[in-house]
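Q: Listed below are the residues making up each chain.
There are 2 protein chains.
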Amino acid sequence: MDEHLDDILATVRPLDPIELQLLDAQGCVLVDDITVPVSLPPFDNSSMDGYAVRVADVAGASEEYPAALEVVGDVAAGAAEPLHVGPGQAARIMTGAPLPPGAETVVPVEWTDGGLGAGPVTGMRARSLAPEAASGQVQVYRAAEARAHVRARGSDVKEGDRALAAGTVLGPPQISLLAAIGRGTVRVRPRPRVVVLSTGSELVQPGGELAPGQIYDSNSFALTAAARDAGAIAYRVGAVTDDAETLRTTIEDQLVRADLLVTTGGVSVGAYDVVKEALSYVGDEDEPGSGMEFRKLAMQPGKPQGFGSIGPDHTPLLALPGNPVSSYVSFELFVRPAIRTLMGLKDVHRPRARARLTADEPLTSPKGRRQFLRGRYADGAVTPVGGAGSHLVAALAQADALIVVPEDVTAVEPGSEVEVVLLG
Amino acid sequence: MDEHLDDILATVRPLDPIELQLLDAQGCVLVDDITVPVSLPPFDNSSMDGYAVRVADVAGASEEYPAALEVVGDVAAGAAEPLHVGPGQAARIMTGAPLPPGAETVVPVEWTDGGLGAGPVTGMRARSLAPEAASGQVQVYRAAEARAHVRARGSDVKEGDRALAAGTVLGPPQISLLAAIGRGTVRVRPRPRVVVLSTGSELVQPGGELAPGQIYDSNSFALTAAARDAGAIAYRVGAVTDDAETLRTTIEDQLVRADLLVTTGGVSVGAYDVVKEALSYVGDEDEPGSGMEFRKLAMQPGKPQGFGSIGPDHTPLLALPGNPVSSYVSFELFVRPAIRTLMGLKDVHRPRARARLTADEPLTSPKGRRQFLRGRYADGAVTPVGGAGSHLVAALAQADALIVVPEDVTAVEPGSEVEVVLLG
Numbered sequence: 001m002d003e004h005l006d007d008i009l010a011t012v013r014p015l016d017p018i019e020l021q022l023l024d025a026q027g028c029v030l031v032d033d034i035t036v037p038v039s040l041p042p043f044d045n046s047s048m049d050g051y052a053v054r055v056a057d058v059a060g061a062s063e064e065y066p067a068a069l070e071v072v073g074d075v076a077a078g079a080a081e082p083l084h085v086g087p088g089q090a091a092r093i094m095t096g097a098p099l100p101p102g103a104e105t106v107v108p109v110e111w112t113d114g115g116l117g118a119g120p121v122t123g124m125r126a127r128s129l130a131p132e133a134a135s136g137q138v139q140v141y142r143a144a145e146a147r148a149h150v151r152a153r154g155s156d157v158k159e160g161d162r163a164l165a166a167g168t169v170l171g172p173p174q175i176s177l178l179a180a181i182g183r184g185t186v187r188v189r190p191r192p193r194v195v196v197l198s199t200g201s202e203l204v205q206p207g208g209e210l211a212p213g214q215i216y217d218s219n220s221f222a223l224t225a226a227a228r229d230a231g232a233i234a235y236r237v238g239a240v241t242d243d244a245e246t247l248r249t250t251i252e253d254q255l256v257r258a259d260l261l262v263t264t265g266g267v268s269v270g271a272y273d274v275v276k277e278a279l280s281y282v283g284d285e286d287e288p289g290s291g292m293e294f295r296k297l298a299m300q301p302g303k304p305q306g307f308g309s310i311g312p313d314h315t316p317l318l319a320l321p322g323n324p325v326s327s328y329v330s331f332e333l334f335v336r337p338a339i340r341t342l343m344g345l346k347d348v349h350r351p352r353a354r355a356r357l358t359a360d361e362p363l364t365s366p367k368g369r370r371q372f373l374r375g376r377y378a379d380g381a382v383t384p385v386g387g388a389g390s391h392l393v394a395a396l397a398q399a400d401a402l403i404v405v406p407e408d409v410t411a412v413e414p415g416s417e418v419e420v421v422l423l424g
Numbered sequence: 001m002d003e004h005l006d007d008i009l010a011t012v013r014p015l016d017p018i019e020l021q022l023l024d025a026q027g028c029v030l031v032d033d034i035t036v037p038v039s040l041p042p043f044d045n046s047s048m049d050g051y052a053v054r055v056a057d058v059a060g061a062s063e064e065y066p067a068a069l070e071v072v073g074d075v076a077a078g079a080a081e082p083l084h085v086g087p088g089q090a091a092r093i094m095t096g097a098p099l100p101p102g103a104e105t106v107v108p109v110e111w112t113d114g115g116l117g118a119g120p121v122t123g124m125r126a127r128s129l130a131p132e133a134a135s136g137q138v139q140v141y142r143a144a145e146a147r148a149h150v151r152a153r154g155s156d157v158k159e160g161d162r163a164l165a166a167g168t169v170l171g172p173p174q175i176s177l178l179a180a181i182g183r184g185t186v187r188v189r190p191r192p193r194v195v196v197l198s199t200g201s202e203l204v205q206p207g208g209e210l211a212p213g214q215i216y217d218s219n220s221f222a223l224t225a226a227a228r229d230a231g232a233i234a235y236r237v238g239a240v241t242d243d244a245e246t247l248r249t250t251i252e253d254q255l256v257r258a259d260l261l262v263t264t265g266g267v268s269v270g271a272y273d274v275v276k277e278a279l280s281y282v283g284d285e286d287e288p289g290s291g292m293e294f295r296k297l298a299m300q301p302g303k304p305q306g307f308g309s310i311g312p313d314h315t316p317l318l319a320l321p322g323n324p325v326s327s328y329v330s331f332e333l334f335v336r337p338a339i340r341t342l343m344g345l346k347d348v349h350r351p352r353a354r355a356r357l358t359a360d361e362p363l364t365s366p367k368g369r370r371q372f373l374r375g376r377y378a379d380g381a382v383t384p385v386g387g388a389g390s391h392l393v394a395a396l397a398q399a400d401a402l403i404v405v406p407e408d409v410t411a412v413e414p415g416s417e418v419e420v421v422l423l424g
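Residue numbers (full-length UniProt numbering), protein chains in the order written: chain A, 1 to 424; chain B, 1 to 424.
If you are wondering where the hints come from, they were derived from the structure by calculation, not from laboratory data. Treat the hints loosely; a few may be bogus.
Said to hold, decoys possible - These stretches of chain A come out as covered by chain B in the derived footprint (C-beta under 8 Å, 3 or more residues):
1. 68-77
2. 85-97
3. 147-159
4. 228-240
5. 305-318
The beta carbon of each residue, even a glycine, is placed where N, CA and C say it ideally should be.
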């Protein structure tokens, strides 16, 4: 199993970078260090709604002995040509507006009479309702130190600083920073396009009618959802009948939109195992790296597995077994890491933990096979749900962890410590 | 702050359910209990590629004394009319194929000569390459108990069982189960459509040129990304200038596609605080529940906040402050829970933890305000990043937690235990 995973991760390479609009890059990995092109804030600005004044003009001001200043106008955020504040003057200033020349500090509006002449106010009246407040006189009731309530140019980041390092995953706060420094687009590894198809002549699309011997196709739905969950753009092709030529044609058709192909079913030792039949000889002997290999792994579920690459671009293809639980567990252990490698993520595996086994009886496991049982994990303990059967979809839907029983262990006693894969 | 959150959560109601295609329902909450309409598997079927036989016919079989049986044909998965297996007969059977009438058990192909007469085989040859293997004779080298390698009808789930409970969030394994029981569509609460717009005449779209006094709009990008991250379908309207009529018109235009509106900026005490100006009087006094309320909360950052509902459908609107850190923190504390309430999720808040403060000097916090500082959390310890300034976007991009300093605490010593909100 480890060899198989190693082979996959040694073959799959991060996708080539692409310049994307900021919001299209959400969840993607930065390719380059990002340098700050312009200091933030780009200019000294007010952190309060208030009055921009000279320090000396408000020195010693109190409610009893307010400083009376002449209001020379408004400085709104975005104001292109700030006023000049001279001795004895004040400019009414809004949060984020540039500190006007001449002004040395900002007094919040709550420390003034707001120009109304009736004691301290709690805020300004809207400009549109009271335009006269942009002129006249203001009483200031408290002194302010130099540069109080002023955010200095470059106090957030400075031009030339490294804003974000290559390899950073872009979540909302990183997108916030990129926008703040003016980046409209950014170079990232794109989300991989994953094409999912299930195989089996017995498969009927959910919602249809089952004839005798038929079952509903669940793998193509489960793995499309799981691929999205891993970060991919996933396309569900649906079920293909067990006919090698049909399967080959379908896969060839899909290559144009696939960075990775995932099939389920048809990889075991039966006479109708169409994936094995259709893909065993697709490789070109003169082309190194092309072709598929089918293996039996020492694991349960998920013993039969295929991996290789097909088509002119050597698109990687993972051929998973068809039992629903086998295909889902195989996805978690092999496909998810492959998708996350394509994305350029460093951390490609699900987190693991040690947990105490809570169970009524020992877990049994076949010798020589690493078993992955479904369980529920909470507070350091894990409880198995359902049995080992690879057709037990209902139990899988209750699980949030896989219990790992190593190859050389055939029984695990209740209370023992086990390794779990947290499905998150 | 708690009152404000309570008011929001008391007003916002889960969205009405909608019947969605299975893959469109990923991440959504089930509205009804789902009952199994047909037992799974729907029929007894083989868990192996092998031969369906009668128990008596292989009793005592060994490599030395194999049982020789007449192969009556193939039973492939999806086979509509299975063969009948009589005494002395075997049907070649594939994994998932129905156990044919007359057969009592399955012997794996590895326990047979596969019809080749040359000892145990490791698998079947493809039907298309070796059609003769569906007839002739097979040597069986091991006995099998009744119903060995047979998955019984209903052994996964039984008709009438509850497959999933109302309130379940649909991840890949739940989608797998729904598909398996034949559900092509499912009734869930849809993802809320969240319209994000920032306000401010100083705002320039990233990628553009900054004139003096201007800054780049980052809030509309950050909150659109954060809304998606919370599970919403988010629409970024971008920056609106500080003009009440323009803002009112823009918001009215957006109502048609909004389950929730989020604005940033213009909610404080300045003379150009357009959101407050435009929305303070939108409510209809005769319509209970309509209208906006603007408050000053005892928190930092995020003191000025607006909340209410607008338009004929009382669409909820959260008006956040405009400083980038204030708006992001406000989103995490107020908008994210609102989005997750609209989705019908039970767990609407970010997880919290206790952590040991790692810092060179005490954290200080204003008395009477609950402070949310940015930090990095790992292994039970949290380290502050950047200062308290609500314009410090670069530090926010390094943070993965908010450090909570309660209202009555003005200093936190290094080594103390603090509460943290994990931003995940």
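Q: Check whether three or more residues of the stretch 68-77 of chain A sit with their beta carbon closer than 8 Å to a beta carbon of chain B.
A: Held - the stretch 68-77 of chain A has 3 residues with a Cβ nearer than 8 Å to chain B, which meets the minimum of three.
Q: Can the stretch 85-97 of chain A be counted as covered by chain B under the rule of three residues or more with Cβ-Cβ separation shorter than 8 Å?
A: The restraint on the stretch 85-97 of chain A holds, since 5 of its residues have a Cβ under 8 Å from chain B and three suffice.
Q: Check, residue by residue, whether the stretch 228-240 of chain A contains three or more positions whose beta-carbon lies closer than 8 Å to a beta-carbon of chain B, and give the verdict.
A: Since 3 is at least three, the answer is holds.
Q: Taking a Cβ-to-Cβ distance below 8 Å as contact, does the stretch 147-159 of chain A have at least three residues touching chain B?
A: holds (count 4)
Q: Verify the coverage statement for the stretch 305-318 of chain A against chain B, using a C-beta to C-beta distance below 8 Å and requiring 3 or more qualifying residues.
A: It is violated: at least three residues are needed, and the stretch 305-318 of chain A offers just 0 whose Cβ sits closer than 8 Å to chain B.
Of the numbered hints stated above, the single one contradicted by the structure is hint 5.
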